[in-house]
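As they're listed, the protein sequences go chains E and P.
With my numbering as the guide, the letters of the first sequence map in order to residues 46 to 179.
With my numbering as the guide, the letters of the second sequence map in order to residues 46 to 179.
None of these hints come from the bench; they were simulated from the model.
Any given hint could turn out to be false.
In this list, chains with the same sequence are indistinguishable; a pair is considered to hold if it fits within one copy or across any two.
What the hints assert, rightly or not - Computed cross-link-like contacts, DSS-like style, restricted to lysine-lysine with a CA-CA straight-line distance of at most 30 Å: (1) K52 to K120; (2) K121 to K52; (3) K120 to K171; (4) K136 to K105; (5) K171 to K101; (6) K52 to K67; (7) K171 to K136; (8) K76 to K101; (9) K171 to K76; (10) K76 to K105.
There are 2 protein chains.
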Amino acid sequence: MSEKFFKSIENDAAGTEYALGKILGELKFTKDGLIPAIAQQFDTGTVLMQAWMNVKSIRKSIESGRVCYWSRSRKKFWFKGEESGNVQSLKEIRIDCDGDSLLLIVDQTGPACHTNRQSCFFLTIKNNDIVVSQ
Amino acid sequence: MSEKFFKSIENDAAGTEYALGKILGELKFTKDGLIPAIAQQFDTGTVLMQAWMNVKSIRKSIESGRVCYWSRSRKKFWFKGEESGNVQSLKEIRIDCDGDSLLLIVDQTGPACHTNRQSCFFLTIKNNDIVVSQ
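Chain E on its own, in the form it takes in the complex (with noise of 0.2 Å):
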């Protein structure tokens, strides 16, 4: 996020509005053309999970309401819960001052990891042990 933008967001008293494409523009994206998206669930602060998003998957997640990421390992869009069900509600989508991460706020139906866990960092290293946390 260039500081010309960042600066103009802080001395804006006067609501401006920003078309979602320069929001965009300004966004740092990897070399291939990704972002890092943390999930938090809205109300318990618990941290979900995190994914990649492109221009593309952040569009279709604001347009729908629900979070799409872009899959690195099946090259696709990935409608979170698509197939189990246990979707993603997008309440919002924060970015951080350097413009290269985001945060997305959600509310997760049923668990948000593939093992039926409510979050996918379930494990935690301590004193030269994997500890199962949830």
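Given the structure of chain E, go ahead and fit chain P onto it with the hints provided.
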């Protein structure tokens, strides 16, 4: 993270000790040897920032008890807060089910963001506008 390793953890009732090297060897890094790391404040659940780690910075973090990232822009290790004093004390490292993302449970001294905000994720896309949320 391999299915085999994952199953050995799940089926482990004997309290096997996994050397850190073995655990790190199961993680999936990018071609540049990096893995995304999300920092979350342990008591409030606030997602503070997302940055990158490599094997050495993970080891440095565990050994020192303070979070050490790899700075992609400066191409060097970066102990969070080494200049500002706003360090991250490391409480836990969690690994996701795919072994390609880390969740760091931390205790953040002062603000995490260089803009003096608690979290780096302070910009929210909302109705064709960007709202500064903190």
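> Hint by hint, which ones does this structure get wrong, listed from lowest number up?
Replying inline: none
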